[in-house]
Amino acid sequence: MTHYINRRGLLKASGAMALLSGLASPSILRAQTPVVKIGVLEPLTGNLAYNGTQCAAGAKFAAEAINAAGGIKSMGGAQIELVIVDAESRPEVAAAAVDTLAEAGVCAFTGASASALGLASSQAAAKYDLAQVFSVGTAEAIVERGLHNVFRYTPGVNKITAVAMDNLKLLNDGAGNPVKTAAIIHEDGPFGTSMADLIEKTLPDQGITVVERIAHPTPHRDFNNIALRVKASKADIIIPSNYINEYTLMTRALQQQRVELMAIYSVLGGAASNIKFVRENNDLAQYVIDCNHWYDPKKEASQALAASVAAAGLDMTYDVMVAYATIQVVADALERGASDDRLKMIEALAASDYADSIMPYGPTKFVNGDNVSAAPVNLQVRGDKIEVIFPAEYATAEPVFPRPAAG
Amino acid sequence: MMRLASYGQVALVVAVLAYLGAVYVMPSQVWMGFTINALAMTIVALSWNVTGGFGGMSSFGHAAMYGTGAYASAVLQVQFGVNAWLAFGAGIMAGALMGGFIGALSFRYGLKGSYFALVTLAFAEVLRICAASFNITGGGRGLQLAIEPGVAALQFNKDRVLTYTLLLAIVALVMALTAWLKYSRFGAYLVAVRENEDAARALGIDTYRVKVTAMAISGAFGGLAGAIYLQLWLFIDSAVVYGVAISVVALIGPIIGGAGTVWGPLVGTLGLHLLGEGAKTALHNAPGLNFVLYAVVLIVALRFLPQGIMGLAARIGAFGRKGGDDA
Chain U
1 MTHYINRRGL
11 LKASGAMALL
21 SGLASPSILR
31 AQTPVVKIGV
41 LEPLTGNLAY
51 NGTQCAAGAK
61 FAAEAINAAG
71 GIKSMGGAQI
81 ELVIVDAESR
91 PEVAAAAVDT
101 LAEAGVCAFT
111 GASASALGLA
121 SSQAAAKYDL
131 AQVFSVGTAE
141 AIVERGLHNV
151 FRYTPGVNKI
161 TAVAMDNLKL
171 LNDGAGNPVK
181 TAAIIHEDGP
191 FGTSMADLIE
201 KTLPDQGITV
211 VERIAHPTPH
221 RDFNNIALRV
231 KASKADIIIP
241 SNYINEYTLM
251 TRALQQQRVE
261 LMAIYSVLGG
271 AASNIKFVRE
281 NNDLAQYVID
291 CNHWYDPKKE
301 ASQALAASVA
311 AAGLDMTYDV
321 MVAYATIQVV
331 ADALERGASD
341 DRLKMIEALA
351 ASDYADSIMP
361 YGPTKFVNGD
371 NVSAAPVNLQ
381 VRGDKIEVIF
391 PAEYATAEPV
401 FPRPAAG
Chain L
1 MMRLASYGQV
11 ALVVAVLAYL
21 GAVYVMPSQV
31 WMGFTINALA
41 MTIVALSWNV
51 TGGFGGMSSF
61 GHAAMYGTGA
71 YASAVLQVQF
81 GVNAWLAFGA
91 GIMAGALMGG
101 FIGALSFRYG
111 LKGSYFALVT
121 LAFAEVLRIC
131 AASFNITGGG
141 RGLQLAIEPG
151 VAALQFNKDR
161 VLTYTLLLAI
171 VALVMALTAW
181 LKYSRFGAYL
191 VAVRENEDAA
201 RALGIDTYRV
211 KVTAMAISGA
221 FGGLAGAIYL
231 QLWLFIDSAV
241 VYGVAISVVA
251 LIGPIIGGAG
261 TVWGPLVGTL
271 GLHLLGEGAK
281 TALHNAPGLN
291 FVLYAVVLIV
301 ALRFLPQGIM
311 GLAARIGAFG
321 RKGGDDA
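Listed in order, the protein sequences are those of chains U and L. When we follow full-length UniProt numbering, the leftmost residue of the first sequence carries the number 1, and every step to the right adds one. When we follow full-length UniProt numbering, the leftmost residue of the second sequence carries the number 1, and every step to the right adds one.
Extracted from the complex, chain U is given alone in its bound form (with noise of 0.2 Å):
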């Protein structure tokens, strides 16, 4: 049976239509779920693209579960809506791609993974009065240029060092003071080396002395040299701070050379806290302590988190963990000031007081735009696990120091 219709039929229709759209779209408006823009530049790209794609990921989980719970509540269960952008590894082009995010009409955003992308991106962001929440970006610098836009969440060299050392002192006084000397190898950017300046000033008091001190690029693929420097300096310890693919090679090549050590003491070591290193060199990344940043493990968002990330097929990685909670953190602040207003997201994080992110700190306080509650916390490769050791309110190990004798 065919169905023929004219023209008067045609307008009939249309008109019934039209009339229909017409009383419908009201409602489909009043159903609209207002959404607010934050933004993320991380480098997916380039020398530290495996960090700036953790941290698009922990940035993308945080957003899922605050939606998932309501979305921002003051403004009338606001979806949070990411805008991700590639910083590229490079200064100029985090700087370019806030122009991107500023157009994009987002409210703040986080980034970028290192101090020298985060340097840039915040400088060109204070010109948009756009607040930039750091995830990671260790130089102190950052906080020291007198930036309104500027919130570092995350703790910076100075405190990360002195709870590294602190911890070290508290780890070598409980095993009777074995260690003597030190090497220390970091990678020779603003990051690895301002570590070293403060762990080669600060070891001596500590009675530990600093026998070798070696720095590399990043990239570097060859650690035999490194290896045999360490070696012949009869070091007990080693302290690292470089990144994933450097720390996994330096520990292989420490393997091959037998360079026999009372432990790995990194901090911020780039593979130390890392899974995939664990999982994939498990027996070299044994009892090696790390100072870095991570979560509380005991939260129930911590735990949620770890779900999440394992159900993805991700590592769990510090990257994840502060990506996440720096959402967190804007999230409350929009929840706080109850705008997306640029001007309205810096003094409602200038005021912020959050205390239930996923990182171990007590109630947010920023001074300059440093948050003084972040801290760093020690952990410990034990079998395919990565513990916490330290501080004691968080372990869910008790430290083995010196670690056992190879063989």
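Note that these hints are calculated values from the structure, not bench results. Honestly, I wouldn't trust all of these hints.
Unchecked claim - Quick partial rundown of chain L residues pointing at chain U, CB under 10 Å, derived from the structure:
1. Gln29
2. Val30
3. Arg128
4. Val240
5. Lys280
Unchecked claim - No more than 25 Å apart at the CA atoms, straight line, and that leaves these computed lysine-lysine pairs for BS3-like:
6. U:Lys298 <-> U:Lys159
7. U:Lys180 <-> U:Lys231
8. U:Lys37 <-> U:Lys344
9. L:Lys158 <-> U:Lys344
10. L:Lys158 <-> U:Lys127
11. U:Lys73 <-> U:Lys37
Think of the CB as a built atom: it goes at the ideal place given N, C-alpha and C, for glycine as much as any other residue.
For chain U, the structure is supplied; the task is to place chain L on it using the hints.
Relative to chain U, chain L alone:
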């Protein structure tokens, strides 16, 4: 000074100028931001063009001059409190001296071709390691200028239009200087050295002096580009300004645009930046794919456009002068 050879080249240059003018009226700041980056890189591309394009001395280490200009200016400002304008000038001078030094050392021992390219790469790498090692250069931490917007500190970041206009003026000035160089007697010497160094020497040209002078001029432009980078982003470290990426950017723009032409470095650098940005916008959910597209275009251009984009444009509606100017 910048003579064009065909309607194709005229159309290309008009298109470039139209784009650069349109940036002023584009509502989006994104285009201005990325064009500022492209213009800053065009200066180092113009620097490479003096030696690699006009003189046939292909360097793979122009970051040496670029980084030296940036570091000289930064060290003087941060460590010695020297005025930003004087430090800027010193950065240009330091770039020239570094270029002259590398040239003098390399050409004294008769290095040319791939040997010269490798030596320049080695110089850049040695300088990168030195800059990351000494306290005066900030070691691995790099050097950072205090934020002091204004003319006195040579910081115009708050006014994007002014920054863009100044960069346009500097690029125009450097292009005018390279055009003058190209059509001068010295430029003819350089071309003679490029085409047949032995024949040039036989004709009485002091080839060593010509090549070292070209390296010094190129170094001055490279130092200028480095000093501009510092004033734009107020922070440098050894990997940023002495890294291989700078050396690659320096040579790719002219090669794609047309090495040995006045407009080639600008056309190539701007074109590649536009391509990258366009690909990034189109493929925003797939970071890194823009680089794949970028690489494909690069390979195609290298295979099918040996004279670069300006060479292709020269074949479209040539004015009829036999062996016409390649602009």
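How the hints compare with the structure:
Of the supplied interface hints, the one on glutamine 29 of chain L holds, with its beta-carbon coming within about 4 Å of a beta-carbon of chain U, less than 10 Å. Given hint, valine 30 of chain L at the interface with chain U, holds; its Cβ is 4 Å from that chain's nearest Cβ, closer than 10 Å. Interface hint status for arginine 128 of chain L: upheld, as the beta-carbon distance to the closest one in chain U is roughly 8 Å, under 10 Å. Against a cut-off of 10 Å between C-beta atoms, the interface hint on valine 240 of chain L holds, since the closest Cβ of chain U lies about 6 Å away.
Taking 10 Å as the C-beta cut-off, the interface hint given for lysine 280 of chain L holds, the closest approach to chain U being about 7 Å. Taking the CA atoms of lysine 298 of chain U and lysine 159 of chain U, the gap is near 23 Å; set against the 25 Å cutoff, the hint holds. Using a Cα cut-off of 25 Å, the hinted pair lysine 180 of chain U and lysine 231 of chain U holds, with the two alpha carbons roughly 15 Å apart. Of the pairs offered as hints, the one joining lysine 37 of chain U and lysine 344 of chain U holds, with about 15 Å between alpha carbons and a cut-off of 25 Å not exceeded.
Simply put, lysine 158 of chain L and lysine 344 of chain U have alpha-carbon atoms about 21 Å apart, close enough for the 25 Å limit, and the pair holds. A hinted pair counts as satisfied when its Cα atoms are at most 25 Å apart, and lysine 158 of chain L with lysine 127 of chain U qualifies at roughly 6 Å. Between lysine 73 of chain U and lysine 37 of chain U the alpha-carbon distance is near 15 Å, which keeps this suggested pair within the 25 Å criterion.
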